[in-house]
Amino acid sequence: MLRALKGKKDWDSFLTNVLIDYVKGRCELPIAEMYISEITLYEFIRGCKDPKRAKELLEECFSVIFNDNSIIKKASEIWISLKKSGELIDDRNLLIASVAIDKNLKLLTRNIKHYKKLERFGLKFY
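Yeah, the sequence shown ends on 264 if you go by the numbering used here, and it's all consecutive.
These are calculated hints, taken from the structure and not from any lab test. None of these values were measured; they are calculated from a predicted model. Think of the CB as a built atom: it goes at the ideal place given N, C-alpha and C, for glycine as much as any other residue. Be aware that a few hints might be false.
What the hints assert, rightly or not - Computed spacing ranges between beta-carbons, pair by pair:
(1) GLU225 x ARG191: 37 to 43 Å
(2) ILE218 x LYS187: 38 to 44 Å
(3) TYR264 x ASP206: 20 to 26 Å
(4) CYS186 x LYS221: 40 to 46 Å
Said to hold, decoys possible - In silico SDA-like cross-links for lysine to any residue, where the CA-CA straight-line distance does not exceed 25 Å:
(5) LYS187 x SER208
(6) LYS255 x PRO189
(7) LYS255 x ASP229
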């Protein structure tokens, strides 16, 4: 069953590209309780040839963090700041990063360059 998280502060958040590498046997994941954002869930399932199997795999391995008011507020604040400085990024990436920032997560990704400018907002990498 997919579950939302409440109250924990030391989670790890995983992006779609890392999930794909894991499923294809290209990498191992750290031994830790693992969580993904609802955006990652969406991206992963829509890209799989067998969506039912993908959903089952995710339900077995990960808990899903669903966007709440706090995450949306954080994403909006960051978006406004990035817009003012002319540094806007893709909305999906912004929402995934906002989950990590708001919930004090470390973000695991192969595409650090897409997120590097968000370190000043508190984003940390695994």
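How the hints compare with the structure:
| no. | hint | in the structure |
| --- | --- | --- |
| 1 | GLU225 x ARG191: 37 to 43 Å | 38 Å, holds |
| 2 | ILE218 x LYS187: 38 to 44 Å | 39 Å, holds |
| 3 | TYR264 x ASP206: 20 to 26 Å | 22 Å, holds |
| 4 | CYS186 x LYS221: 40 to 46 Å | 34 Å, violated |
| 5 | LYS187 x SER208 | 34 Å, violated |
| 6 | LYS255 x PRO189 | 33 Å, violated |
| 7 | LYS255 x ASP229 | 14 Å, holds |
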